[in-house]
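Asks: Model the full assembly from the supplied sequences, consistent with the hints where possible.
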Amino acid sequence: MMALWEILISASFWAAAIRIASPLIFATLGELICERAGVLNLGIEGIMVMGAFTGWFAVYLGLPLWGGVAVAFASGMLFGLLHATLTVPFGLSQHVVGLGITLLATATAYFAYRLALPQVTSPPRIDPFQPLPVPILSDIPFFGPALFTQTALTYAAFGLALVVGLVLYRTPLGLAVRAVGENPAAAAAQGLSVTGLRMGAVIIGSGFMAVGGAFLTLSAFSSFFFDMVNGRGWICIALVVFGAWRPGKAVLGAVLFAAFDAGQVRLQQTELGAVLPYQLFLALPFILSIVALVIMSRRAEVPAALMVPYNKGER
Amino acid sequence: MRLEAIPNPSHLRRYGFPALAIAATVLVASVLSWVAGAEPFATLGLIVKGATGSRLAILETLNRATPLIFTGLAVAVAFRAKLWNIGAEAQLYAGAVMTVVIGTSAWGVVWLQLPLMALGAVAAGALVLLGPVLLKTRFGVDEVVTTLLFNFVMLLFVSWLVEGPLKDPMGMGWPKSTPIDRDLRLPRMVEGLRLHWGFGLALIAAVLVWLMQARTVLGYEIRAVGQNARAARFAGIPVNSVLVKTALLSGGLAALAGFSEVAGLKGHLTRDLSPGFGYTGIIVAMLALLHPLGVVVAALFVAGIFVGADSMSRAAGVPTYLADILLAVALLFMVLALGLSRYRVVWK
Chain A
1 MMALWEILIS ASFWAAAIRI ASPLIFATLG ELICERAGVL NLGIEGIMVM
51 GAFTGWFAVY LGLPLWGGVA VAFASGMLFG LLHATLTVPF GLSQHVVGLG
101 ITLLATATAY FAYRLALPQV TSPPRIDPFQ PLPVPILSDI PFFGPALFTQ
151 TALTYAAFGL ALVVGLVLYR TPLGLAVRAV GENPAAAAAQ GLSVTGLRMG
201 AVIIGSGFMA VGGAFLTLSA FSSFFFDMVN GRGWICIALV VFGAWRPGKA
251 VLGAVLFAAF DAGQVRLQQT ELGAVLPYQL FLALPFILSI VALVIMSRRA
301 EVPAALMVPY NKGER
Chain B
1001 MRLEAIPNPS HLRRYGFPAL AIAATVLVAS VLSWVAGAEP FATLGLIVKG
1051 ATGSRLAILE TLNRATPLIF TGLAVAVAFR AKLWNIGAEA QLYAGAVMTV
1101 VIGTSAWGVV WLQLPLMALG AVAAGALVLL GPVLLKTRFG VDEVVTTLLF
1151 NFVMLLFVSW LVEGPLKDPM GMGWPKSTPI DRDLRLPRMV EGLRLHWGFG
1201 LALIAAVLVW LMQARTVLGY EIRAVGQNAR AARFAGIPVN SVLVKTALLS
1251 GGLAALAGFS EVAGLKGHLT RDLSPGFGYT GIIVAMLALL HPLGVVVAAL
1301 FVAGIFVGAD SMSRAAGVPT YLADILLAVA LLFMVLALGL SRYRVVWK
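Just so you know, the sequences run in chain order A and B. Just so it is clear: in the first sequence, position 178 is 178 by the working numbering, and no numbers are missing. Here the working numbering = 1-based position in the second sequence + 1000.
Please keep in mind that the hints were generated in silico from the structure rather than gathered at the bench. A few of these clues could be false.
Stated by the list, open to error - In the SDA-like style, the derived pairs of lysine to any residue whose C-alpha atoms are separated by at most 20 Å in a straight line are:
id, chain 1, residue 1, chain 2, residue 2
1, B, Lys1245, B, Leu1265
2, A, Lys312, B, Arg1342
3, A, Lys312, B, Leu1336
4, B, Lys1167, A, Lys312
Replies: Following this line, the structure appears as structure tokens:
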């Protein structure tokens, strides 16, 4: 118990939690945008792999770090376009298409990596984003090192949450996106293009998923390796449900989840880690996600038209 | 644009679009091998030759198809009821664990112990899927996410088992389980050929599932629930109980993949027993249009691609991930082709 308390009051623990939460925030917001418009995007896992690869590869080839982020975003949009084309105008199964996109994006990223670097044993490294202390704020004891000594991409993740929240709830565009996710027929009667809005949401959302993946290679690990996304995409889908489809709550969920993740790594080094198998600690995030889903599902406010394709002239 | 349902699609429509999908997949594969610096058609030829070119290659393809038939059937059965079981990987491992647990306990009664290994595996796999399905029917928790997330939990559980309780003391420290007894291995189908009875069992399972779907009340109910759960409930079909039965069947089938891999091929359990057979089962089922007998054909096709790509990669230097891309593209094109064979696109 003492060990747990010591972990909770250390600034480095919270700094790690915020860091771990950042890629999840990008990808969760991306998924949230898709689902708010009525499309479940199971391509998330693969799109994150693709973003992790393209972002890293662009920087490896000499682009600046933000150029890498832009490339990742573009690659995510490309796969988003494919997903959106198949699921929105053609109304195909969002489950099957999503899983297909995950497989396609993952395999394409691995294929391209092997093709570009056939003979590497240890993955090449790039110079990742460095911590950027915010003037004045980073000098605050505890909060400074925990919250305000992060990389630029982390600040961007939290900034994005604010922007997504504002756009969704304070602009006509956000209202339109929510409308096509709740009642597409009514939205169409108002003169909104259901197809256009849904496709746009999936394309932009997929771009953010890819940036979440790029965070792993450009800010967290500095190189690309196989299986590095490791289920984070699926966890983000759970986080959207946990956050009741609201950006603010989703960010809170991501930070909470990341705190558990950072906590399990530290707990492994305590006397608990000597007694319990390390696999239990590693499984904890996945088990927690399932538990969170069960608790939240009772009062989830699912977008009413989620997974329901819309076809003009069909009631 | 909008889609207009076609009441009675012509044969040309029904078979033409899937054929186009296959042609388009071949085209994409050719372009990718060209990008990889290889002769496009030579690459495809090497894949076909690697999968079917020799007796050894064919046996390897059949062996690789065996677990895919089981996981493909598991997915096909579940998807038919619109039960999105993405957890065949976990159920496969549950079956493998049970096979090893029963297969390494000393009984001395082989004729009883081998069937019990299979039954134990089925029970374990069924139980693993029962959890997410009860969460779905009781609390409305989406089974896609829970089954997906549980795959990771199961893999870590297996990792612990092979490093701890089930670890082979003679394994020189490798994380693998104690092997099951020689007498408890599935026999070969033909003496002298490296093909075990797991393959035969998979074929029997496919026929049984087909009969179940075509001839029994449960088969009819599963179809009704999949087509329209609300209408099925209105018609007096106990939807939740049908979903639970489907889950038990689906989980059990996936677990048989684990049973057959351990008892037929490997003899012991490792963390990498399955290179994603559970996930590949989804592709197999979709390519088979969820038809149980089609699953056998699709599994042979998919296994052939993997086996062929391995040998092609050694010969032509194109990364083996080409096989995964090929299958993903085939899956997406096939889903699109199916849509287009039933709907007409109207531009206006």
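Asks: Which of the numbered hints above does this structure break?
Replies: Hints 1, 4 are the ones this structure does not satisfy, whereas the remaining hints hold.
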